[in-house]
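Q: Take a look at the letters that make up each chain.
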Amino acid sequence: MSLKSERRGIHVDQSELLCKKGCGYYGNSAWQGFCSKCWREEYQKARQRQIQEDWELAERLQREEEEAFASSQSSQGAQSLTFSKFEGKKTNEKSRKVTTVKKFFSASSRGGPKKVAQEKTLKQGQLGRERNTDNLLRDLKEIFAPAWELASPSEEIQEAKAASPSINRQASLETDRVSKEFIEFLKTFHKTGQEIYKQTKMFLEAMHQKREFSIEEQSECTQDFYQHVAERLQTRGKVPPEKMEKAMDQIEKYIMTRLYKHVFCPETTDDEKKDLAVQKRIRALHWVTPQMLCVPVNEEIPEVSDMVVKAITDIIEMDSKRVPRDKLACITKCSKHIFNAIKITKNEPASADDFLPTLIYIVLKGNPPRLQSNIQYITRFCNPSRLMTGEDGYYFTNLCCAVAFIEKLDAQSLNLSQEDFDRYMSGQSSPKKPESEPWAPDACLGVQQMYKNLDLLSQLNERQERLMSQAKKLEKDLIDWTDGIAKEVQDIVEKYPLEIKPPSQPLAAIDSENVENDKLPPPLQPQVYAG
Amino acid sequence: MAAAAGGGGGGGAGASGGRAYSFKVVLLGEGCVGKTSLVLRYCENKFNDKHITTLQASFLTKKLNIGGKRVNLAIWDTAGQERFHALGPIYYRDSNGAILVYDITDEDSFQKVKNWVKELRKMLGNEICLCIVGNKIDLEKERHVSVQEAETYAESVGAKHYHTSAKQNKGIEELFLDLCKRMIETAQVDERAKGNGSSQQGMARRGVQIIDDEPQGQSSGGCCSSG
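Heads up: the protein sequence lines correspond to chains D and B, in order. Position 128 (the first sequence) corresponds to 240 in the numbering used here; numbering is contiguous. Position 119 (the second sequence) corresponds to 136 in the numbering used here; numbering is contiguous.
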């Protein structure tokens with residue numbers, strides 16, 4: 113048995129489960145990793161007596177009941193029947209006389225050590241509380257003890273029946289944590305808490321048996337359960353309305369964490385197919401622009417694009433949550449970011465006319481995983497009171513609308529001609545002008561800015577080069593020009609060799625060589641003859 | 018609050034025990050008829066105000082006390098653009114009341130209201146309280162929908178007709194108060210009819226259903242979609 117459990121304990125490290133003392137039994141983190149026995153030895157010797165007294169009392173009451181069943185067991189060993197012993201002898205039939213009710217339920221299935229450990233948690237909690245209460249409450253024990261103990265057989269039945277290792281008991285640490293939280297939470301409700309615990313346990317057991325049923329039936333059972341528990345809390349528990357919501361949330365959290373694996377996107381439905389269809393559809397619609405949807409959000413404002421990114425993150429995160437309410441919370445967070453984006457852009461409160469197109473745009477941009485499955489899961493298993501009237505319900509409804517719109521979207525809903533729509537859908541062309549922007553429109557702001565800067569740089573570079581080449585040309589031109597001028601001048605000079613003399617000088621020069629110049633008669637003077 | 022909501026669509030069955038009624042009211046109407054202004058005026062008493070604190074006007078709640086009965090009103094705005102018309106049923110399922118708003122200066126918007134009424138009656142029967150609201154009566158001079166016509170029509174479909182002005186804060190308080198009273202009545206009748214076996218209600222109508230019986234060809238184009 114223990115070997116088998118070891119093999120099946122796939123989610124939790126085996127060593128974590130065993131008692132720290134190494135006695136071979138399973139430990140429990142509630143006892144700081146010790147098994148029940150060692151824990152008791154280590155820390156609870158002092159409490160032993162007190163518990164024993166309680167036990168005796170319970171025993172006495174039990175005995176009276178047992179007599180009716182003509183029990184043949186020797187109930188004299190009761191005093192020595194401490195908790196640790198009880199746990200230790202889990203296979204010992206006669207040590208179980210205290211849990212008569214349990215015996216009837218679980219005769220066919222002796223639980224594994226881990227399970228017993230959990231039983232013990234419950235019992236311990238129960239006893240711990242009782243120790244501190246008065247006698248009246250002790251008397252009540254008789255009534256409530258079976259309620260707690262009923263829990264275990266249901267688990268045992270589950271375990272015994274389950275062929276797969278994915279049964280709740282071996283479920284992830286998260287389940288354990290949620291269970292612990294749930295039990296802690298219920299303790300604040302005292303008597304009603306026990307009642308709730310019993311109810312949820314019975315419900316989980318019933319749900320386990322209904323695993324083969326259609327998902328609609330399972331959903332109906334869950335919804336009935338919510339209603340039933342809510343009524344019980346109100347009428348019997350007299351839980352005040354302000355506490356009701358919290359209690360219902362806790363119950364939902366607990367049961368849905370446990371059921372999630374089996375009821376989220378179950379194989380019996382075509383949820384997965386629908387998921388893929390929506391995903392494909394959204395991918396095919398990648399070309400839809402905010403303008404086509406009339407989205408009142410200007411993503412060029414950095415704060416707005418920040419909000420858009422956050423909204424997308426939230427809607428994608430939805431898939432990672434297990435509890436319907438947590439999924440709803442993601443949708444609500446996403447919606448708030450959308451409202452912020454609209455508010456920044458338009459500076460007035462967003463109406464549904466603004467909100468829905470933006471949500472559609474966000475869904476198209478984000479393409480959240482398993483959208484249909486999530487919607488179906490929330491619809492089927494969320495507490496209806498939350499879904500129908502609350503704010504979360506409103507946003508969820510809008511998401512449903514967005515998905516319905518995307519599925520049915522056609523040319524008309526985008527104000528496009530049928531031809532354009534067909535062309536875009538077939539991928540033949542894209543509504544963006546090819547030369548417009550080299551970056552994808554959905555790139556984040558930083559990348560967009562980078563692209564813009566790169567663009568600018570390359571432009572500057574070009575201009576610089578042009579400038580340089582022009583400058584060089586100018587330089588060359590200048591040199592050529594000077595050279596040209598010089599050459600021209602040279603040519604002219606060569607062509608017309610020049611001797612510059614004063615205009616009178618040449619005569620004098622000629623004459624000066626003539627020594628006998630003085631001796632010459634004066635030049636003839638022109639004579640004017642009258643006539 | 019959650020307690021009464023547990024009664025689901027019936028609007029707080031079991032509210033007789035001093036608990037609050039929870040009602041869901043949808044706001045239907047074409048794009049620019051002033052749905053948002055109407056509801057903002059009602060919940061915040063503001064009109065085109067720069068100091069509106071609310072982030073959004075699409076989902077608003079209001080707590081009322083009518084004759085000692087506590088009422089939690091959840092007002093769901095819907096997208097009024099023609100392209101979203103087919104999504105109506107998703108919005109208005111499980112609602113206790115519907116406010117159908119038209120603009121008295123816009124004949125077309127009144128026509129839309131008629132379509133909504135037809136659809137609502139078909140989908141939800143007489144369980145839903147209908148209010149037909151002619152908004153913008155401050156623009157009386159430009160009226161294109163006659164009072165006579167509107168009121169006769171409302172009566173013929175079992176709806177109540179109101180005239181309001183979000184701008185001048187006229188008729189809005191009365192509209193919501195009246196609607197609440199009628200919804201309480203309906204809920205009480207419901208309660209009596211169902212007796213104690215009311216626990217199953219709200220279950221049957223959980224499925225989402227989209228019926229698109231109106232070909233979307235008749236887009237009016239007369240009104241801008243989103244400001």
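Read the hints as simulated data drawn from the structure, not as lab findings. Bear in mind the structure is a predicted one, so any value in this text is a computation, not a measurement. Glycine included, C-beta positions come from ideal geometry on N, C-alpha and C. Be careful, since some hints might not be right.
Looking from chain B toward chain D, a few residues come up when the C-beta cut is under 8 Å (computed) [stated by the list, open to error]:
no.	residue
1	L57
2	T71
3	L72
4	D94
5	T95
6	G97
7	Y108
8	D111
9	A210
Q: Each of the hints needs a verdict: does it hold here or not?
A: Hint check results:
| no. | hint | in the structure |
| --- | --- | --- |
| 1 | L57 | 7 Å, holds |
| 2 | T71 | 5 Å, holds |
| 3 | L72 | 5 Å, holds |
| 4 | D94 | 4 Å, holds |
| 5 | T95 | 5 Å, holds |
| 6 | G97 | 6 Å, holds |
| 7 | Y108 | 6 Å, holds |
| 8 | D111 | 5 Å, holds |
| 9 | A210 | 19 Å, violated |
The structure shown violates just one earlier hint, number 9.
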